[in-house]
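Number of protein chains: 2
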Amino acid sequence: MTNSTIKIALAGLGTVGSAVFKLLQEMSPVISNRTGKLMEIIAVSARDRSRDRGLSLEKVVWYEDAVEMAKDSGADIVVELIGGSDGIAFDVCDATLSNGKDFVTANKALLAHHGLYFTKKAEEACLSIGYEAAVAGAIPVIKALREGLSSNNILSVYGILNGTCNFILSRMRESKCDFDTALTDAKKLGYAEEDPSFDIDGVDAAHKLTILTSVAFGCVPNFDDVKIEGIRHISDLDISFAEELGYRIKLLGIARKNGKSVEQVVYPCMIKFGSPMAHVEGVNNAIAIKGSASGPVIIEGQGAGADPTASAVLADIIDLSRGIRPPILGVSAENLIFNEDENAEIKTGRYYVRLMVLDRSGVFAEVASALKDENISMESILQRTRAPGETVSVVMTTHEVEVHSMKRVLRRLSEIDSVVEIPRAIRIEPLTF
Amino acid sequence: MTNSTIKIALAGLGTVGSAVFKLLQEMSPVISNRTGKLMEIIAVSARDRSRDRGLSLEKVVWYEDAVEMAKDSGADIVVELIGGSDGIAFDVCDATLSNGKDFVTANKALLAHHGLYFTKKAEEACLSIGYEAAVAGAIPVIKALREGLSSNNILSVYGILNGTCNFILSRMRESKCDFDTALTDAKKLGYAEEDPSFDIDGVDAAHKLTILTSVAFGCVPNFDDVKIEGIRHISDLDISFAEELGYRIKLLGIARKNGKSVEQVVYPCMIKFGSPMAHVEGVNNAIAIKGSASGPVIIEGQGAGADPTASAVLADIIDLSRGIRPPILGVSAENLIFNEDENAEIKTGRYYVRLMVLDRSGVFAEVASALKDENISMESILQRTRAPGETVSVVMTTHEVEVHSMKRVLRRLSEIDSVVEIPRAIRIEPLTF
Chain W
1 MTNSTIKIAL AGLGTVGSAV FKLLQEMSPV ISNRTGKLME IIAVSARDRS
51 RDRGLSLEKV VWYEDAVEMA KDSGADIVVE LIGGSDGIAF DVCDATLSNG
101 KDFVTANKAL LAHHGLYFTK KAEEACLSIG YEAAVAGAIP VIKALREGLS
151 SNNILSVYGI LNGTCNFILS RMRESKCDFD TALTDAKKLG YAEEDPSFDI
201 DGVDAAHKLT ILTSVAFGCV PNFDDVKIEG IRHISDLDIS FAEELGYRIK
251 LLGIARKNGK SVEQVVYPCM IKFGSPMAHV EGVNNAIAIK GSASGPVIIE
301 GQGAGADPTA SAVLADIIDL SRGIRPPILG VSAENLIFNE DENAEIKTGR
351 YYVRLMVLDR SGVFAEVASA LKDENISMES ILQRTRAPGE TVSVVMTTHE
401 VEVHSMKRVL RRLSEIDSVV EIPRAIRIEP LTF
Chain U
1 MTNSTIKIAL AGLGTVGSAV FKLLQEMSPV ISNRTGKLME IIAVSARDRS
51 RDRGLSLEKV VWYEDAVEMA KDSGADIVVE LIGGSDGIAF DVCDATLSNG
101 KDFVTANKAL LAHHGLYFTK KAEEACLSIG YEAAVAGAIP VIKALREGLS
151 SNNILSVYGI LNGTCNFILS RMRESKCDFD TALTDAKKLG YAEEDPSFDI
201 DGVDAAHKLT ILTSVAFGCV PNFDDVKIEG IRHISDLDIS FAEELGYRIK
251 LLGIARKNGK SVEQVVYPCM IKFGSPMAHV EGVNNAIAIK GSASGPVIIE
301 GQGAGADPTA SAVLADIIDL SRGIRPPILG VSAENLIFNE DENAEIKTGR
351 YYVRLMVLDR SGVFAEVASA LKDENISMES ILQRTRAPGE TVSVVMTTHE
401 VEVHSMKRVL RRLSEIDSVV EIPRAIRIEP LTF
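The listed protein sequences derive, respectively, from chains W and U. Residues 1 to 433 in this note's numbering are what the first sequence lists, from first letter to last. Residues 1 to 433 in this note's numbering are what the second sequence lists, from first letter to last.
Hints should not be assumed to be uniformly reliable.
Identical chains share a label here; the pair holds if one copy fits it or two copies do between them.
Pairs of lysine-lysine residues, derived as DSS-like cross-links and limited to a Cα-Cα distance of at most 30 Å, are as follows [stated by the list, open to error]:
#1 120 <-> 37
#2 176 <-> 7
#3 176 <-> 272
#4 260 <-> 120
#5 37 <-> 121
#6 37 <-> 188
#7 257 <-> 22
Keep in mind the hints are simulated off the structure, nothing from the lab.
Required output: the full structure, derived from the provided sequences and hints.
In structure tokens form, the structure reads like this:
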């Protein structure tokens with residue numbers, strides 16, 4: 001059966017690129033058994049040729065310029081593991097498709113920002129773009145959505161899409177430490193970058209959600225449609241109150257049908273202990289998909305790391321070698337619809353609210369009156385003193401309320417003299433399996 | 001883009017067949033958007049033509065004989081939803097492939113028993129067999145294994161593969177009822193058939209495991225390789241002791257590499273509360289796959305029911321219409337290996353053992369001496385009296401012990417005069433995510 005060779009060019013030899021290189025070599029006999037094809041890396045491109053990566057690079061052509069490699073190397077597939085929505089990654093993808101080669105990437109930013117452009121370009125040239133590795137590492141969620149659940153109208157997709165944030169939130173809970181300590185630990189363990197803002201500000205999760213939304217709902221990937229809130233402001237107090245109330249705080253990416261639109265949000269929220277995402281701890285990712293016929297399907301696994309990402313990259317290459325070429329985003333690019341963003345936001349929700357107040361007479365009356373004026377109905381209230389002489393934390397959970405009323409009430413609460421910090425509100429998401 | 005029609009013939013119009021019929025009609029515009037093809041059911045076959053199924057059957061040709069339909073209807077794809085490893089289902093599959101049509105089925109028994117024969121036959125004719133619906137309903141686990149994780153050596157696959165058993169075990173725990181009561185409840189709710197033996201004796205789970213093992217490890221599907229134990233003997237006592245010890249009892253199907261062989265077992269076992277399967281309750285299914293590069297991936301969802309099964313059947317049809325035709329069992333049939341069954345069994349394990357003893361002096365000494373002779377080292381021991389004057393239940397958990405020593409000790413314990421029931425042993429599976 002082994003009758004032809006798939007030639008691969010690899011742009012980027014960082015940890016993921018090196019892992020792809022090694023995995024391809026190690027799995028070569030198994031892959032040829034599974035595909036009837038030989039796989040050969042014929043060219044690589046990376047910044048520093050002298051660096052020892054533990055790879056045998058003798059037989060491959062080294063390119064200083066990844067774009068040149070995409071044009072001239074004679075590869076069937078160009079794999080881009082450089083990253084970034086623009087710059088070299090953009091140019092490599094563009095050159096790859098212009099030169100009639102298939103493209104495989106782990107680059108979520110590239111597709112979240114330029115998904116429509118590249119998908120159109122690939123389809124016009126009858127080429128494919130593999131991007132399973134761009135969302136949730138080893139978890140084959142793109143395949144599950146685009147192929148495994150292709151017979152469904154998708155009602156919602158949500159998930160823990162960023163391992164760094166999930167690690168930090170888990171760590172804060174388990175070690176009862178504050179955000180900065182947990183972030184430092186994450187850096188020490190290699191789970192957070194020196195500049196962690198893309199992760200902790202929710203941008204990385206939003207890139208992934210943009211792609212998931214497109215595949216799930218057949219809409220043009222549009223990063224700007226995602227409302228984003230990161231986890232910097234989550235305090236150890238919130239974590240411990242959540243625990244007391246029977247919740248876990250998770251940074252979720254959520255895309256859900258709201259009439260004709262799709263709401264896309266990334267924010268930290270409280271989910272009931274026992275709900276399907278609550279037990280997902282550390283750097284793991286998990287995604288729940290609700291299909292009209294399938295019901296809910298939930299997938300959990302390693303969302304980052306060199307080997308899990310390489311697993312997905314290589315699976316995409318194997319798909320191409322087997323002739324598996326579904327529509328890149330689930331429908332052809334010309335059939336993608338634009339999301340009607342302005343109506344997308346869901347108008348009601350439940351909230352956790354934490355106030356830090358000076359325990360003076362009359363303060364609770366002021367708080368209660370503000371809530372009453374905005375028709376905010378409370379489900380529970382907790383009060384705890386930090387230490388003698390300090391301010392008191394007052395925690396409330398609400399019933400279903402109007403989002404805009406909530407925003408107004410938070411503004412009003414922050415104006416009360418005895419409220420000494422900005423009130424913190426965290427959505428309570430009633431996620432059921 | 002809509003430029004051709006996929007003609008479908010449907011054998012079997014029970015609950016699943018009817019659901020496929022309805023889903024295809026309902027999703028027709030969406031599917032044509034996703035595939036560029038029109039789908040049309042041109043023929044059906046079922047036993048009773050007069051029965052009202054709520055389907056508009058005017059435009060389809062009715063066949064009394066499903067085999068004749070497979071031969072003569074002019075369909076591109078024949079969908080078999082009759083069930084059973086032999087008889088009509090076998091003949092329909094055979095006729096479909098003999099007549100150059102693709103075959104889609106939810107029939108686990110057929111492939112567990114005749115997987116090699118039909119896969120060879122299909123491949124020789126360049127045809128495909130879609131069987132995602134045969135394993136775990138809506139959960140796209142075949143696709144995850146065969147395509148999403150195709151870049152991995154699979155180390156183990158295990159899961160809750162039978163919703164009926166999982167419902168019964170959940171019910172026994174939640175309602176503190178015995179096995180028979182839970183089974184009666186399952187029947188009332190439509191989760192168990194009038195003759196429930198295929199489910200509760202583990203046969204259905206073993207059919208599914210046979211298929212999973214083949215796809216995961218590239219071996220010939222061989223039902224006889226699976227060691228099977230059902231859940232009839234699980235008592236409410238075991239359920240409540242498990243709870244006390246921090247475990248849940250689940251019927252698992254497990255396939256794992258053991259040297260060159262693959263151990264395949266279906267049995268009720270104890271898994272630590274907090275481990276990835278422990279929270280899967282009711283009729284849900286879940287499968288954990290451990291890949292060499294991906295690490296563990298776990299998928300949970302509805303493993304049975306008309307709509308979830310129809311979701312998977314229709315996804316297979318959509319795959320075919322998109323030209324997605326991976327090797328049926330992950331490698332071509334000629335590359336499938338035979339599992340070296342005799343060496344497959346894993347030789348050690350941990351156990352929960354429950355004895356019912358008359359509380360006479362000397363009985364514990366006899367038990368302890370039997371354990372000592374076989375080098376069975378205990379981890380914990382619990383004792384509880386059922387009611388005054390009744391026998392005492394003695395529960396032990398062991399450390400890692402030899403399986404054959406365990407078998408010998410159980411025989412010896414059963415021979416002790418004061419041990420009044422057959423000793424019950426349940427494996428403790430150290431499943432970690």
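Results for each hint:
1. 120 <-> 37: This pair counts as both: shortest intra-copy Cα distance 28 Å, inter-copy 20 Å.
2. 176 <-> 7: neither (51 Å within a copy, 61 Å between copies)
3. 176 <-> 272: Both: 19 Å inside a chain and 25 Å across chains, each within 30 Å.
4. 260 <-> 120: within (24 Å within a copy, 47 Å between copies)
5. 37 <-> 121: both (27 Å within a copy, 22 Å between copies)
6. 37 <-> 188: Classified as neither: same-chain Cα gap 42 Å, cross-chain 53 Å, threshold 30 Å.
7. 257 <-> 22: between (41 Å within a copy, 23 Å between copies)
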